[in-house]
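Student: One-letter residues, chain by chain:
Protein chains: 2
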Amino acid sequence: MRIGPGKAALLEAIGDTGSIAAAGRRMGMSYRRAWVLAKTMNACFKEPLIETVKGGSGGGGALLTGTGREVLALYRAMEDHAATAVMSDMDKLRALMVDEPPED
Amino acid sequence: MRIGPGKAALLEAIGDTGSIAAAGRRMGMSYRRAWVLAKTMNACFKEPLIETVKGGSGGGGALLTGTGREVLALYRAMEDHAATAVMSDMDKLRALMVDEPPED
Numbered sequence: 001m002r003i004g005p006g007k008a009a010l011l012e013a014i015g016d017t018g019s020i021a022a023a024g025r026r027m028g029m030s031y032r033r034a035w036v037l038a039k040t041m042n043a044c045f046k047e048p049l050i051e052t053v054k055g056g057s058g059g060g061g062a063l064l065t066g067t068g069r070e071v072l073a074l075y076r077a078m079e080d081h082a083a084t085a086v087m088s089d090m091d092k093l094r095a096l097m098v099d100e101p102p103e104d
Numbered sequence: 001m002r003i004g005p006g007k008a009a010l011l012e013a014i015g016d017t018g019s020i021a022a023a024g025r026r027m028g029m030s031y032r033r034a035w036v037l038a039k040t041m042n043a044c045f046k047e048p049l050i051e052t053v054k055g056g057s058g059g060g061g062a063l064l065t066g067t068g069r070e071v072l073a074l075y076r077a078m079e080d081h082a083a084t085a086v087m088s089d090m091d092k093l094r095a096l097m098v099d100e101p102p103e104d
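Chains as they are written, first to last, in this note's numbering: chain R, 1 to 104; chain H, 1 to 104.
The hints are simulated quantities; they were obtained by calculation from the structure and are not laboratory data.
As the structure is a computational prediction, the values presented were derived from the model and not from experiment.
Take the hints with a grain of salt, since some may be wrong.
Restricting the straight-line Cα-Cα distance to at most 25 Å, the calculated cross-link-like pairs of lysine to any residue (SDA-like) are [stated by the list, open to error]:
#: 1; chain 1: R; residue 1: K92; chain 2: H; residue 2: K46
#: 2; chain 1: R; residue 1: K46; chain 2: R; residue 2: R33
#: 3; chain 1: H; residue 1: K92; chain 2: R; residue 2: R2
#: 4; chain 1: R; residue 1: K46; chain 2: H; residue 2: T67
#: 5; chain 1: R; residue 1: K92; chain 2: H; residue 2: M97
#: 6; chain 1: R; residue 1: K92; chain 2: H; residue 2: T67
#: 7; chain 1: R; residue 1: K46; chain 2: H; residue 2: E103
#: 8; chain 1: R; residue 1: K54; chain 2: R; residue 2: R69
#: 9; chain 1: R; residue 1: K39; chain 2: H; residue 2: K92
#: 10; chain 1: H; residue 1: K92; chain 2: R; residue 2: E51
#: 11; chain 1: H; residue 1: K46; chain 2: H; residue 2: W35
#: 12; chain 1: H; residue 1: K46; chain 2: R; residue 2: K54
#: 13; chain 1: R; residue 1: K46; chain 2: H; residue 2: E70
#: 14; chain 1: H; residue 1: K92; chain 2: R; residue 2: D91
#: 15; chain 1: H; residue 1: K92; chain 2: R; residue 2: R25
#: 16; chain 1: H; residue 1: K92; chain 2: R; residue 2: M87
#: 17; chain 1: R; residue 1: K92; chain 2: R; residue 2: R69
#: 18; chain 1: H; residue 1: K92; chain 2: R; residue 2: E100
#: 19; chain 1: R; residue 1: K39; chain 2: R; residue 2: M27
#: 20; chain 1: H; residue 1: K46; chain 2: R; residue 2: S88
#: 21; chain 1: H; residue 1: K92; chain 2: R; residue 2: A8
#: 22; chain 1: R; residue 1: K39; chain 2: R; residue 2: A13
#: 23; chain 1: R; residue 1: K39; chain 2: H; residue 2: A95
#: 24; chain 1: R; residue 1: K92; chain 2: H; residue 2: E70
#: 25; chain 1: H; residue 1: K39; chain 2: R; residue 2: E100
#: 26; chain 1: R; residue 1: K46; chain 2: H; residue 2: D91
#: 27; chain 1: R; residue 1: K54; chain 2: R; residue 2: T67
#: 28; chain 1: R; residue 1: K39; chain 2: H; residue 2: R94
#: 29; chain 1: H; residue 1: K46; chain 2: R; residue 2: D91
#: 30; chain 1: R; residue 1: K46; chain 2: R; residue 2: W35
#: 31; chain 1: R; residue 1: K39; chain 2: H; residue 2: V98
#: 32; chain 1: H; residue 1: K39; chain 2: R; residue 2: E103
#: 33; chain 1: R; residue 1: K92; chain 2: H; residue 2: D91
#: 34; chain 1: R; residue 1: K92; chain 2: H; residue 2: T65
#: 35; chain 1: H; residue 1: K39; chain 2: R; residue 2: P101
#: 36; chain 1: R; residue 1: K92; chain 2: H; residue 2: R94
Kindly generate the complete structure, drawing on both the sequences and the hints.
Tutor: Below, the structure written as structure tokens:
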């Protein structure tokens, strides 16, 4: 498994909404798909990233564990570090491009 | 248009093989698809990246212009710089993962 933009966004959305279903809706994916991704992510790490909470007045929900928050922070740090590292190459590339490149 | 791994590989293959058709074959894409991508890349830059050569004993071919080689080198530099920049985050992430994570 690789963590990419989709899984990171799902992780973040679960943390924000407190619910796998609500996170899936925000991402435009089915509950089933969101649940499968959450289960796969949990299976890839020594400690689970997402914990589900059963019952309660809200009918249960989900939250990020400490490891889940750490993994999300590491992913966002990787994005920042990569973006910073390529900034000067990107500027050089942009300078060679036309102002309004065609789509695709 | 964004230059990604596919377009960079096509550019490199055109430089290596001296032919859009042969580059497309190496990438497992149709001649038509390779040709459209080459045309799109050329349209995105102030100077063309790929120059086609008509006729001759070999029946013509294609080569990378100076700008084409520069764009390819910048893309490869971006890959290297990004990989180096995320190395320490990636190590931390790997340390949290199980040894043999499931597929997907």
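Student: Against each hint, give a clear statement of whether it holds in the structure.
Tutor: Right, here's what the structure says about each hint:
Restraint check: the Cα-Cα separation between K92(R) and K46(H) comes to about 13 Å, which is no more than 25 Å; the hinted pair holds. Pair hint K46(R) plus R33(R) holds up; C-alpha atoms about 22 Å apart against a cutoff of 25 Å. Annotation: proposed proximity of K92(H) to R2(R) holds, straight-line Cα distance about 14 Å (limit 25 Å). For the hint linking K46(R) to T67(H), the alpha-carbon distance of about 47 Å lies beyond 25 Å, and the restraint is violated.
Of the pairs offered as hints, the one joining K92(R) and M97(H) is violated, with about 37 Å between alpha carbons and a cut-off of 25 Å exceeded. For the hint pairing K92(R) with T67(H), the CA-to-CA distance comes to about 11 Å; that is within 25 Å, so the pair holds. In summary, the hint linking K46(R) to E103(H) is supported, as the alpha carbons are separated by about 16 Å, within the 25 Å threshold. Taking the CA atoms of K54(R) and R69(R), the gap is about 21 Å. The hint holds against a cut of 25 Å.
Our distance criterion of 25 Å between C-alpha atoms is met by K39(R) and K92(H), whose separation comes to about 21 Å. Among the hinted pairs, K92(H) with E51(R) is consistent with the structure: their alpha-carbon atoms are about 21 Å apart, no more than 25 Å. At most 25 Å may separate the alpha-carbon atoms for a hinted pair to count; K46(H) and W35(H) meet this at roughly 19 Å. The hinted pair formed by K46(H) and K54(R) fails the criterion: a straight-line CA distance of about 59 Å is larger than 25 Å.
In summary, the hint linking K46(R) to E70(H) is not supported, as the alpha carbons are separated by about 44 Å, beyond the 25 Å threshold. Under the criterion of a C-alpha separation no larger than 25 Å, the hint pairing K92(H) with D91(R) is inconsistent with the structure, at around 30 Å. In summary, the hint linking K92(H) to R25(R) is not supported, as the alpha carbons are separated by about 30 Å, beyond the 25 Å threshold. Proximity of K92(H) to M87(R) is assessed by CA-CA distance (about 24 Å); at most 25 Å being required, the pair is judged to hold.
Proximity of K92(R) to R69(R) is assessed by CA-CA distance (about 35 Å); at most 25 Å being required, the pair is judged violated. Taking the CA atoms of K92(H) and E100(R), the gap is near 40 Å; set against the 25 Å cutoff, the hint is violated. In summary, the hint linking K39(R) to M27(R) is supported, as the alpha carbons are separated by about 17 Å, within the 25 Å threshold. Distance hint between K46(H) and S88(R) is fulfilled; the C-alpha atoms sit about 19 Å from each other, no more than 25 Å.
Between K92(H) and A8(R) the alpha-carbon distance is near 16 Å, which keeps this suggested pair within the 25 Å criterion. Of the supplied pair hints, the one linking K39(R) and A13(R) holds, its CA atoms being roughly 15 Å apart against a limit of 25 Å. Under the criterion of a C-alpha separation no larger than 25 Å, the hint pairing K39(R) with A95(H) is consistent with the structure, at around 19 Å. A hinted pair counts as satisfied when its Cα atoms are at most 25 Å apart, and K92(R) with E70(H) qualifies at roughly 10 Å.
Taken as a hint, the K39(H) and E100(R) pair is honoured in the structure, with Cα atoms around 15 Å apart against an allowance of 25 Å. Pair hint K46(R) plus D91(H) holds up; C-alpha atoms about 15 Å apart against a cutoff of 25 Å. Between the alpha carbons of K54(R) and T67(R) the distance comes to roughly 20 Å, so the proposed pair stays at or under 25 Å and holds. Distance check on the hinted pair: K39(R) and R94(H) sit about 18 Å apart at the alpha-carbon level, within 25 Å; holds.
Proposed proximity of K46(H) and D91(R) is supported: the alpha carbons are some 15 Å apart, at most 25 Å. Pair hint K46(R) plus W35(R) holds up; C-alpha atoms about 19 Å apart against a cutoff of 25 Å. Proposed proximity of K39(R) and V98(H) is supported: the alpha carbons are some 14 Å apart, at most 25 Å. For the hint linking K39(H) to E103(R), the alpha-carbon distance of about 12 Å falls within 25 Å, and the restraint holds.
Note on K92(R) and D91(H): the hinted pairing is violated, with a Cα-Cα distance of about 30 Å set against a maximum of 25 Å. The straight-line distance between the Cα atoms of K92(R) and T65(H) is roughly 17 Å, inside the 25 Å bound, and the hint therefore holds. A hinted pair counts as satisfied when its Cα atoms are at most 25 Å apart, and K39(H) with P101(R) qualifies at roughly 12 Å. For the proposed pair K92(R) and R94(H), the alpha carbon gap of about 33 Å is over 25 Å, so the pair is violated.
Checked against the numbered hints given earlier, the structure breaks hints 4, 5, 12, 13, 14, 15, 17, 18, 33, 36 and satisfies all the rest.
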